[in-house]
Amino acid sequence: MDKRCPEHGEFSALLSSASRHYYRALENPPGSAACCGSACGAPDPSAGALPDSGPWANHSCTVLIEIIERCNLTCPTCFAGSSPQHEGLMSLETFTHRVQRLAQGGKTGADMIQLSGGEPTIHPRLPEMLDLLFENGFKQVTINSNGIKLAQADYVRRLAACAARWPGAQLFVYLQFDGFDERTQETLRGRRDLLEIKRRAILNCQSNGISVHPVMTLTRGINEHEVGDFVRLAVDNPELKNVVIQPAMYSGRYDNPRHQDRITLADTVRLICDQFGTFEADDFGPIPCSDPNCFGMAVAFRTSSGLVPVSRYFPPYETWNDEEARPLIEEFADTINGPDALSAALRWAAGSGDEGGVLEELGDDQVEALLDALVAAQSGDGDLWDRLLTISIKPFMDAWTYDQDRIDACCVHILDPDGEPVSFCEYNAVRRPRLDGSAQPGNREAVAIQVIDA
32 MDKRCPEHGE FSALLSSASR HYYRALENPP GSAACCGSAC GAPDPSAGAL PDSGPWANHS
92 CTVLIEIIER CNLTCPTCFA GSSPQHEGLM SLETFTHRVQ RLAQGGKTGA DMIQLSGGEP
152 TIHPRLPEML DLLFENGFKQ VTINSNGIKL AQADYVRRLA ACAARWPGAQ LFVYLQFDGF
212 DERTQETLRG RRDLLEIKRR AILNCQSNGI SVHPVMTLTR GINEHEVGDF VRLAVDNPEL
272 KNVVIQPAMY SGRYDNPRHQ DRITLADTVR LICDQFGTFE ADDFGPIPCS DPNCFGMAVA
332 FRTSSGLVPV SRYFPPYETW NDEEARPLIE EFADTINGPD ALSAALRWAA GSGDEGGVLE
392 ELGDDQVEAL LDALVAAQSG DGDLWDRLLT ISIKPFMDAW TYDQDRIDAC CVHILDPDGE
452 PVSFCEYNAV RRPRLDGSAQ PGNREAVAIQ VIDA
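This note's numbering puts the first residue of the sequence shown at 32, with every later residue one more than the last.
Please note that the accuracy of each hint is not assured.
Here are the simulated BS3-like pairs of lysine-lysine, each with C-alpha atoms no more than 27 Å apart in a straight line [said to hold, decoys possible]:
1) K272 x K425
2) K180 x K272
3) K34 x K272
4) K425 x K170
5) K34 x K170
6) K34 x K425
7) K180 x K170
Hints are computed from structural coordinates only; laboratory data are not their basis.
Bear in mind the structure is a predicted one, so any value in this text is a computation, not a measurement.
Work out the full structure: start from the sequences and follow the hints.
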């Protein structure tokens, strides 16, 4: 995308390395009524998910709450600029007020609340904060963590006890897991000795009923070679039901003077296919609850002979406005982060006339086992639910790749310093205050960027 700035001139941003995985947004896409920005009819949608666009009317798939500025690492890649030297700490009183405001604003319907920072596990009131979220009706809570504190078994048991006190509550960990090489860890996180710490964190969480989603920050020239092994980590551990790959965004402490030399969603798909096998490029597609370029996902079923991709039978994005497919896609959009999302997705395949293809590819026995797994997922039978694996790709934007159309359809929100939910990418790219008190260099009040070609 070519852009023009009155202060800095013209520049280009790399959005995708392959046209197959760059999508033109559909007009009035299915499921949009449950989403935000221009897709949900909020006032003045051209303003995106800013305070004057009526964010309280928008649906949030995810709401992030940063509860601490301090961290026990000083990661060179940190978009928040956190480190052990920073002392910012959200009080329990402030947290209570913001959670209650979220609940009163209808955000208990959010698919996920994420507690972030900094490193949230070093906040001394984290267990009480978890109790407050569950008490106020938020059922799914994720802790974004580097895993250092989670390597302590006693501490993990304390966190697990919070969820156990509330019927229906689920606690997850988004675990920073960039690879296996010491060079990768040192380059991206500043320490070479993190691998065993993260393995202990996974074991502790799984032993206490906390689901772990390993998250890789994928960076050009650093850990591209480890993508296949990262996927195998989940294949070899059935309790890991979802792995997430986030192509690096250049914000906060992380800078890249050669900003076009970046990993895109399309690059990530190619690396998975080349290094792991099994998957094809068309197995990865968008989800209905955001701009199609904001998320890529593939779903697979574990069998005795390996993984069988299921998402290749989903209707292509370009057909989502078809009259026959639309009701099924809207149903899928309503359950995208829940276990019945997968059964809804299979109903897509049946509705689009591809059911025979599923049977031909999987065989009757595997289809029967897959359907059993989907039923088990909805009834809580973990043995069969373990046979499902999701690979998620989340390409966040920075000041270079900032695209207002994606901001308008954003459903990943973060509470700003005033407690207002705003687009996560918009906040990090142009609004996040630096921890030294200055604003991001691309503050939207300072310059206006015009897109001249996309």
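Quick rundown of the hints versus the structure:
no. : hint        : verdict
1   : K272 x K425 : holds (16 Å)
2   : K180 x K272 : holds (22 Å)
3   : K34 x K272  : violated (40 Å)
4   : K425 x K170 : holds (23 Å)
5   : K34 x K170  : violated (42 Å)
6   : K34 x K425  : holds (23 Å)
7   : K180 x K170 : holds (23 Å)
Checked against the numbered hints above, the structure violates hints 3, 5; every other hint is satisfied.
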